[in-house]
Amino acid sequence: MSQPARLHHVEPGRAEFYHRLLRQMLLVRRFEERAGEAYAQGQIGGFCHLYIGQEAVAVGALNAIRPDDYVFASYREHAHAIIAGTAPGAVMAELFGREGGCSGGKGGSMHLFNVEHNFLGGHGIVGAHLPLAAGAAFASRYRGTDQVVLCFFGEAAVNIGAFHETLNMAALWELPVVFLCENNRYGMGTALERAAAVWDVYRRACSYDMAEETVDGMDVLAVYEATRGAVTRARQEHLPTLLEARTYRYMGHSMADPIHGHYRTKEELEEQKLQDPIQRLLRQLLDDELMTDAAIERMRGEVEQEVEEALRFADESPEPPPEALYTDVYRD
Amino acid sequence: MPVVTYRDALNQALREEMDRDPNVFLMGEEVGVYQGAYKVSRGLLEAFNERRVIDTPIAELGFAGIGVGAAMVGLRPVIEFMTWNFALLAVDQVVNSAAKMLYMSGGQIPIPIVFRGPGGAALQLAAQHSQALESWYAHVPGLKVVAPATPYDAKGLLKAAIRDDNPVVFLEGEMLYNAKGEVPDGDYTVPIGVADVKREGSDVTLICHSKTVTVAERAAERLAAELDVSAEVVDLRSIRPLDTETIVTSVQKTNRCVVVEEGWPFCGVGAQVVDELQRRAFDSLDAPVLRVTSADVPMPYNKKLERAAKPNPDRVIAAVKQVAYLD
Ligand SMILES: Cc1ncc(C[n+]2csc(CCOP(=O)(O)OP(=O)(O)O)c2C)c(N)n1
Ligand SMILES: [Mg+2]
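Chains as they are written, first to last, in this note's numbering: chain A, 1 to 332; chain B, 1 to 327.
Among these hints, one or two may not hold up.
[Stated by the list, open to error] Per label pair, the in silico range of CB-to-CB distance:
{"id": "1", "chain 1": "A", "residue 1": "Arg141", "chain 2": "B", "residue 2": "Phe282", "range": "50 to 60 Å"}
{"id": "2", "chain 1": "A", "residue 1": "Thr190", "chain 2": "B", "residue 2": "Val197", "range": "49 to 59 Å"}
{"id": "3", "chain 1": "A", "residue 1": "Pro258", "chain 2": "B", "residue 2": "Asp283", "range": "40 to 50 Å"}
{"id": "4", "chain 1": "A", "residue 1": "Ser207", "chain 2": "B", "residue 2": "Pro22", "range": "51 to 61 Å"}
{"id": "5", "chain 1": "B", "residue 1": "Tyr34", "chain 2": "A", "residue 2": "Arg141", "range": "16 to 26 Å"}
{"id": "6", "chain 1": "B", "residue 1": "Lys39", "chain 2": "A", "residue 2": "Phe17", "range": "51 to 61 Å"}
{"id": "7", "chain 1": "B", "residue 1": "Val197", "chain 2": "A", "residue 2": "Val329", "range": "26 to 36 Å"}
{"id": "8", "chain 1": "B", "residue 1": "Lys39", "chain 2": "A", "residue 2": "Ser207", "range": "27 to 37 Å"}
{"id": "9", "chain 1": "A", "residue 1": "Leu325", "chain 2": "B", "residue 2": "Asp283", "range": "27 to 37 Å"}
{"id": "10", "chain 1": "B", "residue 1": "Phe86", "chain 2": "A", "residue 2": "Glu270", "range": "17 to 27 Å"}
{"id": "11", "chain 1": "B", "residue 1": "Pro288", "chain 2": "A", "residue 2": "Leu172", "range": "50 to 60 Å"}
{"id": "12", "chain 1": "A", "residue 1": "Leu172", "chain 2": "B", "residue 2": "Arg307", "range": "55 to 65 Å"}
Derived by calculation from the structure, the hints in this document are not laboratory data. Even glycine gets a Cβ: it sits at the ideal position worked out from N, Cα and C.
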C-alpha cells in the first residue's frame with residue numbers, strides 16, 4: 001500500500017502555530033526516546049508501546065479540537081495524553097508506576113487518564129474504546145452541548161466487531177465523533193493486507209453512509225486540516241467521520257519487540273523514515289524562512305530539558321502507598 | 001399496600017428514577033416502540049420520548065460500550081439486555097471497561113451504570129436461553145451484582161442501583177415478572193449488599209436468591225408441615241457485595257445450612273457462601289453445608305429433563321434431611 005504524500009505550502013503569519021506543532025512533535029518524540037531508555041533500564045515495566053514515527057497524527061489532530069472536547073485513545077497513547085494537556089511528568093510518572101502518575105500509578109502505559117483535560121484513556125482492548133467514544137458523543141447530544149469526541153485507534157481495530165457496531169450506531173444516531181484510524185500498516189506483526197479483505201480503511205465508511213477521508217499521516221498540517229474538517233462536521237452537523245491517517249511506526253510493536261522482526265524489512269523502515277514528520281515540517285519551516293537553525297536548536301534544548309524534568313519528576317515521585325491496592329475499586 | 005407485579009415494580013422504579021434525575025436514560029433492544037421484550041419498559045417511551053428511551057440495533061457489545069462511555073462523562077445509563085444470555089456478547093464492556101475504569105484511572109472516572117435484564121432458566125428455552133450467570137459477574141471486583149426475588153425488592157434495589165455510582169449488574173428473574181407482591185406507593189430504596197430473612201426458622205438455614213427464594217420457601221413450608229423442621233430462608237438479594245453478616249448470624253442460630261441457586265455448581269455463588277461459612281462459622285456447623293444447584297449440564301429442551309436439571313423443593317428437602325441427619 002502506498003502512503004500518499006501531500007505537500008502543504010506554509011502560509012506566512014501562521015509561524016507561531018507551526019512552531020507549536022513542531023515543538024509538540026519534538027517533545028513527544030524525545031519523550032518516547034527517553035521512555036524507551038527508561039524501559040531498557042527497568043524503570044518502566046509491562047507493555048510499553050512507543051509512538052515514534054506517528055507524531056504528526058496526534059499533534060495535528062489534537063490541535064484541531066477545543067479543550068472541552070473529549071479524547072479517547074488506544075494503549076499507544078503517551079503522546080495523546082501529553083498533547084491533550086497532561087504534564088509530561090505525570091505521564092512519565094505513570095509509566096514508572098508512581099503515585100504522581102496521571103492514573104496514580106495504577107493504570108500504567110496503557111491506561112493514561114486525565115479527566116481535567118477530558119482525556120479519557122488509555123484503553124488496552126483493541127477496538128473496545130470506540131463504543132466508549134460514541135457514548136461520550138451520545139452524551140454530548142443528550143445534553144445538547146456542541147462537544148465533539150476525537151477517537152484514535154490502530155488499523156487492526158477495523159476488523160473487530162466493536163468497530164462495526166459503533167460506526168453503525170454513530171451514523172444512525174448522528175453522533176459527533178471523529179474516528180481517527182492511525183494506519184501504521186501493522187497490528188503487531190500482521191500487515192493490514194494479511195488481515196483485512198479491504199485494504200483502504202476509509203472505504204469501510206460506506207457501509208454506514210459515513211463521511212470519510214484519507215490523509216497523509218506523516219504531514220502534520222494535512223492531519224490538522226483533515227481533522228478540522230471532520231470536527232466541524234461533527235460540531236455543526238452532528239455527523240461522524242471515519243478519517244484514515246496513513247502513518248508508520250519506527251519502533252517494534254511494544255518495547256518487548258524487535259524493531260523490525262520477521263514481518264517487515266529494514267529497507268522498508270529506512271524508506272519510511274525518509275517521510276519523517278518532524279524532518280518534513282522542519283524542512284518546510286527552513287525553506288519558507290519561518291524558523292532559523294538557531295531557533296530550532298533552542299527549541300530542541302527546551303524540549304530536552306522538559307523531558308529531563310519529566311524523568312526527574314517521575315523518579316522522585318513516591319510509590320503508591322500499600323493501601324492504594326484497595327482504593328478506587330468502588331466509589332462510595 | 002398496593003399489590004403489583006415484579007414487572008410493574010421495575011417499571012415504577014425506572015419511571016420514578018427517570019423523573020427524579022434527567023441524567024438517567026434507558027437504552028436497549030426493543031425498549032421503546034415495542035415496549036420492552038418483557039414489557040418492563042411499557043409506557044416509558046410515551047412518557048419520556050426517544051431522547052431518553054432509546055431503541056438500539058442488535059449490537060450488545062456496542063450499546064453496552066456506548067452506555068459506559070456516556071457514564072464516563074456523567075450520565076446515568078440503564079442498559080437493558082433482552083436477556084443475560086445475549087449479554088455474553090457485551091462481557092468485554094462490562095468487565096474490561098465498566099468494572100475497571102475507576103481503578104485504572106486512579107479514581108478519576110466512576111461508572112454509574114446499570115446493566116439489567118432477565119436471567120435464569122425460563123420454560124423449555126433450551127441451552128442458549130436458560131442460564132443463571134450471576135457468579136460470572138460476581139467474580140469481578142468493581143461490579144455490584146444484585147438479583148431480587150420479590151416486587152418490593154425489585155423496585156427498591158433497582159432504584160438503589162440507578163443511584164449507585166458504580167456499575168451494577170441487575171439480574172431479573174425471567175420467570176418472576178408476573179410474580180405479585182406488596183409494593184408501597186412512593187419513594188424507597190433497598191440497600192445493595194443487605195440480605196433479607198424472608199422466613200424465620202431455627203433448625204436449618206436455606207440461602208437463596210432470585211427465583212430460588214420461592215423454591216426455598218416452598219421447601220420450608222413442607223419441611224414444617226411434613227417433618228416439623230423449622231427452616232430459615234435467607235434471600236441474599238445482593239450477590240456482590242455479599243452480606244456475610246446475615247448469613248453467618250443465621251447459621252450460628254441454626255447450625256445447618258443448604259445453599260440453593262439456579263447457577264451451575266462449579267465456582268457458583270454457593271461455593272462462595274460455603275467458603276465464608278467454613279471460615280466464619282466453622283464451630284457453629286453441625287454438618288457440612290450442602291448445595292442445591294442446576295445440574296452441571298447445558299439446559300435440555302425436553303420438559304422432564306429440564307425439570308430434573310433445575311433446583312426444586314424436593315431436592316432442597318432431601319439436602320435438609322441430609323444436613324439434619326434425618327435419613
Ligand atoms: C481484543 C484484543 N485482541 C488482541 C490484543 C493484543 N494486541 C494488542 S495491540 C495489537 C495490535 C493492534 O494493532 P493496531 O490496532 O493496528 O494498533 P497499533 O499497535 O499499530 O497502534 C494486538 C493484537 C488486544 N489488546 N485486544
Ligand atoms: Mg497498526
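So, going through the hints one by one against the coordinates:
{"no.": "1", "hint": "Arg141/A to Phe282/B: 50 to 60 Å", "in the structure": "56 Å, holds"}
{"no.": "2", "hint": "Thr190/A to Val197/B: 49 to 59 Å", "in the structure": "57 Å, holds"}
{"no.": "3", "hint": "Pro258/A to Asp283/B: 40 to 50 Å", "in the structure": "60 Å, violated"}
{"no.": "4", "hint": "Ser207/A to Pro22/B: 51 to 61 Å", "in the structure": "34 Å, violated"}
{"no.": "5", "hint": "Tyr34/B to Arg141/A: 16 to 26 Å", "in the structure": "23 Å, holds"}
{"no.": "6", "hint": "Lys39/B to Phe17/A: 51 to 61 Å", "in the structure": "57 Å, holds"}
{"no.": "7", "hint": "Val197/B to Val329/A: 26 to 36 Å", "in the structure": "28 Å, holds"}
{"no.": "8", "hint": "Lys39/B to Ser207/A: 27 to 37 Å", "in the structure": "34 Å, holds"}
{"no.": "9", "hint": "Leu325/A to Asp283/B: 27 to 37 Å", "in the structure": "31 Å, holds"}
{"no.": "10", "hint": "Phe86/B to Glu270/A: 17 to 27 Å", "in the structure": "50 Å, violated"}
{"no.": "11", "hint": "Pro288/B to Leu172/A: 50 to 60 Å", "in the structure": "55 Å, holds"}
{"no.": "12", "hint": "Leu172/A to Arg307/B: 55 to 65 Å", "in the structure": "43 Å, violated"}
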